[in-house]
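Q: Single-letter residue listing:
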Amino acid sequence: AQSVTQLDSHVSVSEGTPVLLRCNYSSSYSPSLFWYVQHPNKGLQLLLKYTSAATLVKGINGFEAEFKKSETSFHLTKPSAHMSDAAEYFCVVSSRSGGSYIPTFGRGTSLIVHP
Amino acid sequence: DGGITQSPKYLFRKEGQNVTLSCEQNLNHDAMYWYRQDPGQGLRLIYYSQIVNDFQKGDIAEGYSVSREKKESFPLTVTSAQKNPTAFYLCASSIDPGYRAYNEQFFGPGTRLTVL
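Chains as they are written, first to last, in the working numbering: chain B, 450 to 564; chain L, 160 to 275.
A few chain L positions that, by computed beta-carbon distances, are all more than 12 Å from chain B: (1) F171; (2) T179; (3) N185; (4) N212; (5) E221; (6) G222; (7) S226; (8) E231; (9) T238; (10) S239; (11) A240; (12) T245.
Below, a list of computed lysine-lysine pairs in the DSS-like style, where the Cα atoms sit at most 27 Å apart: (13) K216/L <-> K168/L; (14) K173/L <-> K242/L; (15) K216/L <-> K491/B; (16) K168/L <-> K230/L; (17) K491/B <-> K230/L; (18) K168/L <-> K491/B; (19) K517/B <-> K507/B; (20) K491/B <-> K229/L; (21) K491/B <-> K242/L; (22) K242/L <-> K216/L; (23) K491/B <-> K173/L.
The hints are simulated quantities; they were obtained by calculation from the structure and are not laboratory data. Don't be surprised by glycine CBs; every beta carbon is placed ideally from N, CA and C.
Let the sequences and hints guide you as you build the complete structure.
A: Written as structure tokens, this is what we have:
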């Protein structure tokens, strides 16, 4: 069985300071991992994905994430937060379940950015 | 423009009524998904379809029904059997029917359903 845990339901930062959104996963097989962003009342947009190539993955809008197998983690970071980063962020694991791959979503982390 | 469209954006329903949410994609994707989103609960999978004329139940299928008669369309019906249907509903698609783990999903803008 696969699962994903986002360790914080809310993260609050000041504009210009670093962002860290934490995600741990559980998977029986080598997983693919994703981070999506959702602005209020909108659909989700892919930020980045890990597919067993490089462990440090760079995404859009200055975000990056590092896959650490020993820690079963895939934390999302950004060096300097911008007001436009305020949104809901979802960590997703996709690994084999039966005959196909079905994504499993974390509960989300709400990022609040203060001026 | 390629993408996923959902309509309507807002939908109001009286208790006891069935209502159908539309989802259309022109990305030529094989797989389509319906999710329900409630505050603090992330996205929960209602139904998914990997190929035309076939679909599977997700984690919370009770009170919902779907059809996949065309590759580009995957409508969701919320029936009167769904006891708490007020939520934000998201449709997604993926190029691959689930054979590869690394294909991301593309999401529509969502439909907010409110039961009066």
